[in-house]
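Participant: Below, each chain spelled out in residue letters.
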Amino acid sequence: MSPPISRRGILRGTLGGTTVLVGESCAPKMVSERAEAPAAATPAASTEPVSPQKLELTVNGAARSLDVDPERTALELVRSDLGLTGCKESCGHGACGACSVLLDDVPVAACLLPAVALHRRRLTTVEGLAPAGELHPIQRAFMAEDALQCGFCTPGFVVAASAFYTRWRAEHGNKEPDRDTVAAALAGNLCRCAAYDGIIRAVQKASSGAYEKPVGPEPAAPRYDAREKVTGAAKYTVDVQLPEQLEGKILRSPHAHARVRKVDWSKALALPGVFGAVDLLNGGTTIRFAGQELLAIAAVDARTAEAALAAVELDLEVLPALIGMDAARADGAAPVYPTRNTRKSAPNASEGPLLPLGWDGNVRGPFQLFSTAKLKARRAVEKLRDKPAEGVLVEGTYKTQVQCHSALEPHACVAHWTAADAVTVHLSTQSVHAVAEDIAQRWGLRRDHVRVLAQYVGGGFGGKATLQLECVAAVELARVTGKPVRVVLERREELTTGGLRPAQEIELAVATDRDGYLQGVTARAFADAGCGVGSNSTVLLRLMYAKAPKDIADWDVVNHAPPGKPFRGPGGPPVFWALEQAVDVAAERLKLDPILLRKRFDPNPARNRLYDWALSLKTWRERQPAQSDRGRYRRGMGLAVGGWFYFVQPSARVQVDAGPEGVVVSTACQDIGNGTRTVLAETVAAVLGIAPADVKVQIGDSSFVPGPMSGGSRTTASLVPAAIMAAEQLRDELVERAEQLVGARGVAVAGGVRHPRGVVTWQQLLAGSPPLRFVGTRKRDQGGYFLPPMYDIAPGRYVAGSLQIIEVEVDTRLGRIRVLRSHTGVAAGHIVAPALARSQALGGVIQGIGYALYEERRLDPRTGALLTGGLEDYRIPGIGDIGELDVHFIEDGYERVNGRSVGLAELVTVAPAAAIGNAVAHATGFRPRELPLRPDRVLQGLRG
Amino acid sequence: MTSLELPTSLDAALGRAGEPRAGGTDLTERRRLNLSRGTVIDLRDVPGLDVITWREGQLHLGALVTLAAVAEHPEVRTRYPAVAATAASIATPQIRARATVGGNLLQHVRCWYYRRPGADCLKSGGSGCPARTGDHLFHACFDLGPCVAPHPSSLATALLAHDVRLEVAGDREHTLASLYGDASDARRQHMLPPGALLTGVTLGPPLAAEQAAYVRAISRARAEWPLVEVVVRLVVAADQLQTARVTVGGVANLPLRLAAVENLLVGKPATPETLTAAAAVAADGAKPLTGTAYKLDLLRGAVLDALERALAQTPTQAAPTPAAAPT
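Chain order of the listed sequences is S and R. The opening residue of the first sequence carries number 1 in the UniProt record's numbering; numbering runs sequentially from there. The opening residue of the second sequence carries number 1 in the UniProt record's numbering; numbering runs sequentially from there.
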């Protein structure tokens, strides 16, 4: 039987996240059961058979005749019956547009379109926008302007944009549409990576005729896999369809706190079309959040599996639930984890291993390992409380909300046992390598008998870093049924257990002397990671203003809510929301430019380069004085800075194979939209002086040499040096060969080896050659790391820096904050793929805007039921919410880093909320303390 | 038992037990959530209901006309600008391409306690309103009870600012007031008898020299359900406000007409002072829930905004027929 899921953290390569929550092992361990005699061909167990409807339609130009179940949506028909998987299911209720198709040339949401509505209509999907082998101008533009990251939303955007393009050009010819016109046309599409700036640019340019004809044989695309993504050819885990594949569905607790008295799935297993069931309680008997996984059932299709879930006999003793930190801290609140053993079972919401900490009721902590000169910090604050005239003391409590990762591709897994002791797992994951190890361990398999595949991953942001229950369920159901099983979370499930950034309450004090020199920082952070533990944010204060004394501590306040997970820059957005606003207040009181004050505090070389850049900006120098506008609309400009760790995965390897077929680079890494393929191709191509497109990249397969997790901003920093090393070994070998071939020593030049009599190309050298193979490793940095590698991750000796300026307009009448412009400075060393880095940086800024203004997971305060269960109520930023953006990279520094690149994915998302807070205060005098800045909060704040 | 019926004429569509389906943008989700069960009467093959007609000084919108068509139709845009502006602000382009006039008027509430698996509320047949005592951030501030979800139809808010007749096959002609009733029975989304079908809406003559505006208070730029929405229609003659219609949505389980605001406008000079004084009474009589008091401020602000925006519009053309005198 299977061991429980590991509780190790990302730093060690993997973690529990929302996993098995209950370790009280009085009940039996993981149990699964195969249905006695499933009737394979009988779907829809619970409903009476309905007569199919006959449809005549044109699909991408070809007449089709189909019989469909009248309850089906067009989305189901397009994806399952027609096999056109460029059309994606994401939100399921018309909010995200990933399923956009053209119905008689008009974009509609296929998820809300009854299949029968297609009768006698023309249906066009992304696959049919251009003749086979050709591209629509919008597709060319998306490729050339890099209007995409993970690519999951891209087909929907391309479809909607193609209709706009046609209409615009018919009405306006070659005139370029303005940004807001494009945004209005694409308001029905969401991109969680937030590649919006590139999308707007692509649509503007294509609509003005810039991409009418192919420039060359291929449009020059900065992103290696752009063509697959804009054409819908890229296959994500949700698109995998194996013969006889079953669909698995998860039964979840409707109650936030309950004791499981009985679970009986015998009636469910007896239903026709039902193949097997697996228990997901892992022997536990206590439910600690609404939506917690109880069991999963595999059936011939999703409806049959859902009907089977409804037939499970469930006896739950409902217990009083504590929802939120206030309830959990109230006098007499019953402990969520009453015993030592149950506390050990609490899910790990952090990236690292959990340290043993004390518990007081539902409060776990303090975690204060990273304080420095603690007493001095405390005394500096206390002194100013007694004698305020001796300096500036800024104190306050800053609150933040729960933010959900909500990648547009939900958590998804298709598992298939190829032998009794070998399994292949298609998984939407940020770590094919580490998850393969975890699967091997959990099912007691040889590591080389587990293959995890993730060709394309539709976003992760930290929520898909580890082995989680959709994977456990699929693998175990596949094992017990003997058939491939797919488990895909619905959007509501995704917003429940797909991952969340814990809410925080941070009591912060910043003390400076009268001249504005930092004397101390104290912070007490209380985190609501639901029933999860290990959240910390104050450690990040050590990355900032490093010389100052700091008394910093974190606590978890556990309650009956879904557990937190690491989310892009864990702890960063909340703690910088507090710190960077407090610093701004200090600057106001000291009557100092906020940048000059920070320069006094800050020895960090990366940020100091950014300060100088920002001071040179006209827009900053000429910003209007605070509260200049007195009318309804008030503009303000805010600044905040951020810092982030620089991590390396020392085990990372990159393999380069070369032979008559060409050059192939491979590693067990994945591309979640960050650009892994591009970085590998560009790096190897640069060494050999060839085109990146001439390098074949193979990733997303755990059978390759170990690659890094796409998390902790480590991918580029880990892979580039290894890729350079392997490519240089290949190059040197080929130089040797050239010498043997031509009898004279040559030198490597672009495309081959130059020798006294001419140039011999790589192709000539590789033709007829036996295959060559080189494996590059990630050599350590000069001077080593800040700490020796632990759990296969090494924190480097540098702290990366970002500087964020955001200009807002506050509508004091309707409480709406509009971001007008943002300027982002990033000092993260050498930028390998500039277009992609730019897109990723802007995406991080826009996620920060969403965090500041819109996003908020809400639960019913009594039952803990998820209220924001769809992308209609859980509001991520749309294409019209971004303003104008620019990003500036300062590539200096980091001389001792092997490869001179440190990550930027997290760095760019930590400061925007604070910059918006400072901008709002600059505009209106209202100093916000609580996120998100909804209209009601703004109106209340302005009233004072 | 689940089944689908595809009647090919209006007559054949009447008198059937089941839920009618037009664009399906609301019903599809409710089917999935099991909030709609039983037979679907799909109006796909019913002819003649998807037409916009401008004739004899009246505008007729067939029930199957899409919101996109309403928003783009030249006669609607020029003669009923408030209706066109409202339709253009609803949902997303993809939804507006399918959502219909009839479906928008008869859609079910968006309450997050209702639209979830296992919903247990008045609307879904339960005995209490969990939003009233729970988290009702987006709910009503005019508590007309028992259900506190805002009425979901922005189009109804716009039509309430016009004199409209609702044609119903299988029942008498309705007004918006008779269509929605007094909302005292939370289980009913509308008062149409089973088997009847809303077939279209007729708008009375346009106002000459109308200045109209629609304001939707939301947090993002687009594609959100309104916190508060306001439709304003004004006619200014000889510097005086001759006609004023002010209707609001997002604030009650019915669209509301704000007679008190209108009364403070009509007969007054079209000055900022008049608008401010009128907007100030927009929330009079409101009965907010514990968490929706913020909507009172927002409502006053949105009404003022709509009044100002309306006066900034170019007046519509004079109505074509003498019958179309202002009311």
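Derived from the structure by calculation, the hints contain no laboratory data. If you're wondering where the values come from, they're calculated on a predicted model, not measured in any experiment. Heads up, the beta-carbon is just placed ideally off N, CA and C, and yes, glycines get one too. Just so you know, not all the hints are guaranteed correct.
Sample of chain S residues with no beta-carbon within 10 Å of chain R, all distances over it, derived [said to hold, decoys possible]:
{"id": "1", "residue": "Glu71"}
{"id": "2", "residue": "Leu113"}
{"id": "3", "residue": "Leu186"}
{"id": "4", "residue": "Arg442"}
{"id": "5", "residue": "Ala685"}
{"id": "6", "residue": "Leu814"}
{"id": "7", "residue": "Asp873"}
Okay, the calculated bits of chain R under chain S, using three or more residues with CB under 8 Å as the criterion [to be verified]:
{"id": "8", "segment": "28–34"}
{"id": "9", "segment": "40–48"}
{"id": "10", "segment": "81–95"}
{"id": "11", "segment": "121–127"}
{"id": "12", "segment": "150–162"}
{"id": "13", "segment": "171–177"}
Participant: Each hint should be assessed against the structure and marked as holding or not.
Facilitator: Going through the hints against the structure:
1. Glu71: Per Cβ check, S/Glu71 is inside 10 Å of chain R; nearest 6 Å; violated.
2. Leu113: 6 Å, violated
3. Leu186: 8 Å, violated
4. Arg442: Non-interface label stands for S/Arg442: nearest chain R Cβ at 30 Å, farther than 10 Å.
5. Ala685: About 40 Å separates S/Ala685 from the closest Cβ of chain R, which puts it past 10 Å; holds.
6. Leu814: 5 Å, violated
7. Asp873: Per Cβ check, S/Asp873 is inside 10 Å of chain R; nearest 6 Å; violated.
8. 28–34: Holds: 4 residues of the segment 28–34 of chain R have a Cβ under 8 Å from chain S.
9. 40–48: holds (count 3)
10. 81–95: holds (count 5)
11. 121–127: violated (count 0)
12. 150–162: Since three or more residues must qualify, the claim that chain S covers the segment 150–162 of chain R is violated, with 0 doing so at under 8 Å.
13. 171–177: violated (count 0)
Hints 1, 2, 3, 6, 7, 11, 12, 13 from the earlier list are contradicted by this structure; the remaining hints agree with it.
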